[in-house]
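Visitor: Here are the chains, one letter per residue:
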Amino acid sequence: MEFLVDLLGSAGARMVVGLVGVIALVAVNALFLIWMERKVSAHMQLRPGPMEVGFHGAIQTVADALKLMGKELITPEEVDRPVYLMAPIIIFLPVLLSFLVIPFSETWIIQDMNVGIVLILGFSTLAVLAILMAGWSSNNKYAVFGAIRSVAQNVAYEIPLLITVMSIVLMVGSFKLTDIVAAQSKTWFVLVQPLAFILYVICATAETNRAPFDLPEAESELVAGFHTEYSGMRFALFFLAEYTNMFIVSAVATVLFLGGWRGPYLPGVVWFLLKVYAVIFLLMWFRWTFPRVRFDQLVTFAWKILIPLAFVNLLLTAFVLKL
Amino acid sequence: MMSYFKEIAVGFWSLLAGMAVTIRYFVKPIVTVQYPREKIQMSPRYRGYPQLLIDPETQTHKCIACEMCARMCPSQLITVEGAKFPGEKQKRATKYVHEHQYCSLCGLCTEVCPTSALEYSQDYRLAGYRREDCVIDHLILLQEHQRALGLPSTPVPTEAEIAAAAAAEAAAKEAKAKAAAKAKADAETKGAEATPAKKAPAEEVKE
Numbered sequence: 001m002e003f004l005v006d007l008l009g010s011a012g013a014r015m016v017v018g019l020v021g022v023i024a025l026v027a028v029n030a031l032f033l034i035w036m037e038r039k040v041s042a043h044m045q046l047r048p049g050p051m052e053v054g055f056h057g058a059i060q061t062v063a064d065a066l067k068l069m070g071k072e073l074i075t076p077e078e079v080d081r082p083v084y085l086m087a088p089i090i091i092f093l094p095v096l097l098s099f100l101v102i103p104f105s106e107t108w109i110i111q112d113m114n115v116g117i118v119l120i121l122g123f124s125t126l127a128v129l130a131i132l133m134a135g136w137s138s139n140n141k142y143a144v145f146g147a148i149r150s151v152a153q154n155v156a157y158e159i160p161l162l163i164t165v166m167s168i169v170l171m172v173g174s175f176k177l178t179d180i181v182a183a184q185s186k187t188w189f190v191l192v193q194p195l196a197f198i199l200y201v202i203c204a205t206a207e208t209n210r211a212p213f214d215l216p217e218a219e220s221e222l223v224a225g226f227h228t229e230y231s232g233m234r235f236a237l238f239f240l241a242e243y244t245n246m247f248i249v250s251a252v253a254t255v256l257f258l259g260g261w262r263g264p265y266l267p268g269v270v271w272f273l274l275k276v277y278a279v280i281f282l283l284m285w286f287r288w289t290f291p292r293v294r295f296d297q298l299v300t301f302a303w304k305i306l307i308p309l310a311f312v313n314l315l316l317t318a319f320v321l322k323l
Numbered sequence: 324m325m326s327y328f329k330e331i332a333v334g335f336w337s338l339l340a341g342m343a344v345t346i347r348y349f350v351k352p353i354v355t356v357q358y359p360r361e362k363i364q365m366s367p368r369y370r371g372y373p374q375l376l377i378d379p380e381t382q383t384h385k386c387i388a389c390e391m392c393a394r395m396c397p398s399q400l401i402t403v404e405g406a407k408f409p410g411e412k413q414k415r416a417t418k419y420v421h422e423h424q425y426c427s428l429c430g431l432c433t434e435v436c437p438t439s440a441l442e443y444s445q446d447y448r449l450a451g452y453r454r455e456d457c458v459i460d461h462l463i464l465l466q467e468h469q470r471a472l473g474l475p476s477t478p479v480p481t482e483a484e485i486a487a488a489a490a491a492e493a494a495a496k497e498a499k500a501k502a503a504a505k506a507k508a509d510a511e512t513k514g515a516e517a518t519p520a521k522k523a524p525a526e527e528v529k530e
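First to last, the protein sequences are chains A and B. With the working numbering applied, the first sequence corresponds to residues 1 to 323, in that order. With the working numbering applied, the second sequence corresponds to residues 324 to 530, in that order.
None of these hints come from the bench; they were simulated from the model. Any given hint could turn out to be false.
Pair ranges (Cβ atoms, derived) [what the hints assert, rightly or not]:
no.	chain 1	residue 1	chain 2	residue 2	range
1	B	A487	A	R47	58 to 64 Å
2	A	L266	B	A340	51 to 57 Å
3	A	L66	B	S439	54 to 60 Å
4	B	Y369	A	P76	49 to 55 Å
5	B	V354	A	S231	34 to 40 Å
6	A	L96	B	V354	39 to 45 Å
7	A	L266	B	M324	44 to 50 Å
So, partial list: chain A residues that the calculated Cβ filter (under 10 Å) puts toward chain B [to be verified]:
no.	residue
8	H43
9	R47
10	P48
11	G49
12	M51
13	V172
14	F175
15	F290
16	F295
From the three backbone atoms N, C-alpha and C, an ideal C-beta is built for every residue, glycine too.
Chain A extracted, bound-state conformation (with noise of 0.2 Å):
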């Protein structure tokens, strides 16, 4: 650590330490939640889950990482090869970026910058250039399908996503995430702004791909949406990102509504690691409830609903604000 200090300064090593900290964190957040949402979906269907390997199938992930990595990568014929094995990285790329901003405690925060949230979003949409790519580079018809449907899907849930954390900026007054958890030091804005929260949760849903709103890769559908061209470890960087993805969009959430690190005896890091699989509990329990809603339904849903909603959310904080 002292020789990291020395030799990169402060600034520096904190980025190192921060970096190798925020991929294991990703492998393990990924492992885990992959674990738990079998059992949470097995739970919900009265099934036991994966129970063989490991203590009630805990390292049942590991031998399917291993199982993932072992397998060929096939690259087709007619795909566009450049793009193709672009897209996988480009996926991951933004969802390691996103780590930067994110305040695990008070401390613990690789880089506190006065864009934070701006920053976390931007490069949430940056996923869906990659969906893109791989989607029209397999030069496969459901690859395209799930592609397209995608890009709308996202072009129209950012928007509503974009003003309810607007609000939410208003009332503290900085895009800082330090700040917005500062804020929530007497209430919790989800007390505070019940409907932005579940603006929130909604958009993020959509965001993350995921049922009701998992229409990019429906697989009843469209064999496995945009990365039906991909196998292996390829196949396995898509869905490391689409289980991250879900850990940050919880922790935006944790940060913007449930007060952080925020708590009492244990220790903040625990606190908001707490908060956030709590939040992405939720997310699961959306995905084993709903059904996933036709494409009509879901802009109609994004555009007539979602965004006046919003709107009103945003203008009425500005107006008490003012008062």
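Following the hints, complete the assembly by docking chain B onto the known chain A.
Guide: Just chain B, lined up with the frame of chain A:
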């Protein structure tokens, strides 16, 4: 305009109702059985393959090797052999093999048994790797059941024992036949007046 808000409210309520259902199921106990690890209790009326039941009095089976089950079986899959052992009143099974792979579970063997020696098994895990795995030797199975219950297990008679029993039986029969012949001879010599009286009712029956 009102219908717009009503639609949102009703829709939101229906989402919450759905989530209430899934969370209720989430905390319910699971119903799936981990097949090779766990065993379930079958209902008492479950009709598995027939097996020799343990008589509570004698703590062994009641089979008298009458072969009624073997004759009744529509698939002819039961092989019963028995022998009469010296000092015992009735025959006793020395071999009872049930080739379960052919069994249609009709239960006729259980119903026809004059001593009610058979019962339906509760065992439902009958998968095997080979056809031979399905052949059930009931005398050995009975020993397993007895061991599980802590009872003394009934030994399966060996070839030598069966041969000895058969020889003893033959000798006994011979002795009996000799005795009968002797008795007959004695009766004939005793008097001719007894025989016509015995023959007369037989003739009446014939008519």
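Visitor: Given H43(A) as an interface hint, is its Cβ closer than 10 Å to any Cβ of chain B?
Guide: 5 Å, holds
Visitor: In this structure, is the beta-carbon distance linking Y369(B) and P76(A) contained in 49 to 55 Å?
Guide: Because 54 Å falls inside the window, the suggested range holds.
Visitor: Was the hint right that G49(A) lines chain B, CB cutoff 10 Å?
Guide: 9 Å, holds
Visitor: Closer than 10 Å between Cβ atoms is the bar; does F290(A) clear it against chain B? Give me holds or violated.
Guide: 6 Å, holds
Visitor: Lying within 34 to 40 Å: is that true of the beta-carbon distance V354(B) to S231(A)?
Guide: 35 Å, holds
Visitor: The hint names P48(A) as touching chain B; please verify it with the least Cβ-Cβ distance against 10 Å.
Guide: 5 Å, holds
Visitor: Holds or violated: the 58 to 64 Å window for the beta-carbon distance between A487(B) and R47(A)?
Guide: Distance hint for A487(B), R47(A) holds at roughly 59 Å.
Visitor: If you check the beta carbons of L266(A) and M324(B), does the distance land in 44 to 50 Å?
Guide: 48 Å, holds
Visitor: Should the interface hint for F295(A) be scored as holding, given a Cβ-Cβ cut-off of 10 Å against chain B?
Guide: It is violated, given that the least Cβ distance between F295(A) and chain B is near 18 Å, above 10 Å.
Visitor: Given V172(A) as an interface hint, is its Cβ closer than 10 Å to any Cβ of chain B?
Guide: 27 Å, violated
Visitor: When you take the CB atoms of L66(A) and S439(B), is the distance between them in 54 to 60 Å?
Guide: This hint holds: roughly 58 Å between Cβ atoms.
Visitor: With 10 Å as the cut and Cβ atoms as the points, is F175(A) at the interface with chain B?
Guide: At about 30 Å, which exceeds the 10 Å cut-off, the nearest Cβ of chain B leaves the hint on F175(A) violated.
Figure legend: structure checked against the earlier numbered hints; hints not met, in rising order: 2, 13, 14, 16.
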